[in-house]
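Protein sequences appear in the order of chains A and B. For the first sequence, the working numbering assigns the number 2 to the initial residue and increments by one for each residue that follows. For the second sequence, the working numbering assigns the number 2 to the initial residue and increments by one for each residue that follows.
No lab work stands behind these hints, which were simulated from the structure alone. Cβ atoms here follow ideal geometry from the backbone N, Cα and C, with glycine treated the same way. Hints are supplied without guarantee of correctness; some may be wrong.
[As the list claims (entries may be wrong)] Residues from chain B that keep clear of chain A, each with C-beta distances beyond 10 angstroms, as calculated:
#: 1; residue: L19
#: 2; residue: A43
#: 3; residue: G127
#: 4; residue: K265
#: 5; residue: K294
#: 6; residue: K378
#: 7; residue: K383
[As the list claims (entries may be wrong)] Computed spacing ranges between beta-carbons, pair by pair:
#: 8; chain 1: A; residue 1: D317; chain 2: B; residue 2: I104; range: 54 to 64 angstroms
#: 9; chain 1: B; residue 1: K265; chain 2: A; residue 2: Q218; range: 43 to 53 angstroms
#: 10; chain 1: A; residue 1: E314; chain 2: B; residue 2: H47; range: 34 to 44 angstroms
Number of protein chains: 2
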Amino acid sequence: MKNYLLTPGPTPVPKEVLDAMARPIIHHRTPQFQTILKEVEADLKHVFQTKNNVLIFSSSGTGAMEGTVTNLLSPGDKAIVVRAGKFGERWGELCDAYGIEFIPIDVEWGKAVDPEVIKKILTEKGTLPPQKLAGPPMAEIKAVFTTLCETSTGVSIDIEAIGKIVKPSNAVLVVDAISALGAVPIKTDEWGIDVCVAGSQKGLMIPPGLSFVSLSQKALEMVSSSKLPKYYFSFSAHKKSIEKDDTPYTPAVNLIIGLNEALKVFKKDGLENVLSKHKKNAQGVRNAMKALKLELFAPDAYSDAVTAVKVPEGIDGGKLVKTMRDKYGVAIAGGQAQLKGKIFRIATMGHITPSDLKVCIDTLETVLSDMGYKFEKGVGVKAFEKTL
Amino acid sequence: MKNYLLTPGPTPVPKEVLDAMARPIIHHRTPQFQTILKEVEADLKHVFQTKNNVLIFSSSGTGAMEGTVTNLLSPGDKAIVVRAGKFGERWGELCDAYGIEFIPIDVEWGKAVDPEVIKKILTEKGTLPPQKLAGPPMAEIKAVFTTLCETSTGVSIDIEAIGKIVKPSNAVLVVDAISALGAVPIKTDEWGIDVCVAGSQKGLMIPPGLSFVSLSQKALEMVSSSKLPKYYFSFSAHKKSIEKDDTPYTPAVNLIIGLNEALKVFKKDGLENVLSKHKKNAQGVRNAMKALKLELFAPDAYSDAVTAVKVPEGIDGGKLVKTMRDKYGVAIAGGQAQLKGKIFRIATMGHITPSDLKVCIDTLETVLSDMGYKFEKGVGVKAFEKTL
Chain A
2 MKNYLLTPGP
12 TPVPKEVLDA
22 MARPIIHHRT
32 PQFQTILKEV
42 EADLKHVFQT
52 KNNVLIFSSS
62 GTGAMEGTVT
72 NLLSPGDKAI
82 VVRAGKFGER
92 WGELCDAYGI
102 EFIPIDVEWG
112 KAVDPEVIKK
122 ILTEKGTLPP
132 QKLAGPPMAE
142 IKAVFTTLCE
152 TSTGVSIDIE
162 AIGKIVKPSN
172 AVLVVDAISA
182 LGAVPIKTDE
192 WGIDVCVAGS
202 QKGLMIPPGL
212 SFVSLSQKAL
222 EMVSSSKLPK
232 YYFSFSAHKK
242 SIEKDDTPYT
252 PAVNLIIGLN
262 EALKVFKKDG
272 LENVLSKHKK
282 NAQGVRNAMK
292 ALKLELFAPD
302 AYSDAVTAVK
312 VPEGIDGGKL
322 VKTMRDKYGV
332 AIAGGQAQLK
342 GKIFRIATMG
352 HITPSDLKVC
362 IDTLETVLSD
372 MGYKFEKGVG
382 VKAFEKTL
Chain B
2 MKNYLLTPGP
12 TPVPKEVLDA
22 MARPIIHHRT
32 PQFQTILKEV
42 EADLKHVFQT
52 KNNVLIFSSS
62 GTGAMEGTVT
72 NLLSPGDKAI
82 VVRAGKFGER
92 WGELCDAYGI
102 EFIPIDVEWG
112 KAVDPEVIKK
122 ILTEKGTLPP
132 QKLAGPPMAE
142 IKAVFTTLCE
152 TSTGVSIDIE
162 AIGKIVKPSN
172 AVLVVDAISA
182 LGAVPIKTDE
192 WGIDVCVAGS
202 QKGLMIPPGL
212 SFVSLSQKAL
222 EMVSSSKLPK
232 YYFSFSAHKK
242 SIEKDDTPYT
252 PAVNLIIGLN
262 EALKVFKKDG
272 LENVLSKHKK
282 NAQGVRNAMK
292 ALKLELFAPD
302 AYSDAVTAVK
312 VPEGIDGGKL
322 VKTMRDKYGV
332 AIAGGQAQLK
342 GKIFRIATMG
352 HITPSDLKVC
362 IDTLETVLSD
372 MGYKFEKGVG
382 VKAFEKTL
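So that you can see chain A by itself, here it is in the shape it has in the complex:
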């Protein structure tokens, strides 16, 4: 059975990337690997749209998220955490693990945060003028943690607007862009993202195992005075190394070689073109779902990286995903945590092509129909094709 992978990470890995990773391994302290690292660093900056260093860690995205908390903050520091889904909650869990007090902004799953709420809190807590302290005195807020694309809900958060709010404050803006980088537009420097966290297995089209962090000057200053404990994810150690095209510890050599190959796609096809292809694909998926009379989970704040769709009344969501995967070889994602069985998710990032998506929608139609859902067979695929 041919398998189609349409999950929001890992995403399919292009053949040329798999081939590059399958070449005999080389040692990491060699001019040959340094050359690769230099290229990767330059190409990552382009995809991040930043002039600053991008640090590379051998870990999944969560590792880089942890490093962000421990490298920016010190005991007693306060933060704001936007929790609009499972991954926003992870910022909160990380702050908890390191004893960082934070003000949570809990957003209903499926909705995006209103940037004005962040502005209000920053102003009330004296991080933004006027210096009006509400409630008991609280230290200035040092960081605003948010997500760009909430993979768990398919929601996109307006980072550009949040950037404008946070920029004049003393706080840094930290964005989990793990499911966003290379998938949807991100302008790290222009939008004022101080720390942009990304992962390898999403828009960047390589297997999981690498994570990335870009650091603004404002963030770097915080790093230099941060007192939380760290070692493996030390930003200072990684920055010192990457400036010499090196890594502080043995890196995941073959993943970096794969990344080098994958990043060439962005250069060859053009970043704008890659992103607009994803956007078109996502539009097509949304139109297909509407044609099938399926309800989008995040109609007002959808992301072009992953589309979350409500499982229709009377259909077993778990069984739907399982049947598509096990009987037809089409892997989409179900819901996580409180959304288990209630939504399914189709990714439109990385190496996912219109043909893959047509197969996916066609299979979805077949399985929905077999499960008793009533609709006119073929309208989903037709709506997708029409969009393109």
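Starting from the structure of chain A, add chain B where the hints point.
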């Protein structure tokens, strides 16, 4: 130019492992990946020689080392750190990063620690009876951190003897076996190793990017009460997951698939046979060096995983390694830190074959001769062949 990799990590990756990693990627929350993880877990236990869980992290070995410190200890805990090289020093740096006070046992580079020194300290500090406190009162020692094979010096430390000393105490024995697992004999349970840390890119024959930790019952009890902060490397989270053939965060899927393939070699060839092949190869390398009138750096405590050799008087060690690599495609390692330029290191673990080693010794002879070192050409290769 054909390249030969004889560095002590990364080591060459067998073709069948590279091929397995180059197959189209699969999602990690699937029965298909669960089956792989289940097999990997069972096969790792066999290589570790343990009945306990082996946790798998997507990181290099240093990440698992950090996790060991943060998951075992609490603020105020004390430790012993054996520093017999760069990697022993890393345990000390990790303790420093988390504010753990430790008693260093500094061993001259090239020598192994005398287990009796550990016994003496444990006894003096009241961790072993009789309860005799020397100096100002100090909390009981909670952990003894050591290295099995010190990659930086080619030294092997007698873990079996240290295990006998630490076992009756309340402290846990933590062993960095990153350059040892799958390369030299390790009997985790029998020797009383409470935490055995390993990496993927050495004896296990896969690229860097995975690290492993085995946990004894004694270690698990410490984990359950540990108060140092952690998240990505949380042993509790990983243990809970692995028991359900799952991982808490997105794992490095294709590295684990490669590992699954690599571990089959140990089953097919037999762990004992694999280890005795490495031993024979290392013996051959040592005999070749002696025949070339080169001095071993650790004549009294050599490891069968990597052989460190003194660069002879008047020869530029850096140039030797560079010439072998750039002119002949034979990658060996130079010295690290204070040994830079003073030693070179040849690995005999993983997928390094006698033919690779013959090419290596032959090339070493050619380059040494070109650099003006006087010896009878061919005696090195001959001594190696004779050993085998």
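### Hints violated by the structure (numbers, ascending)
1, 10
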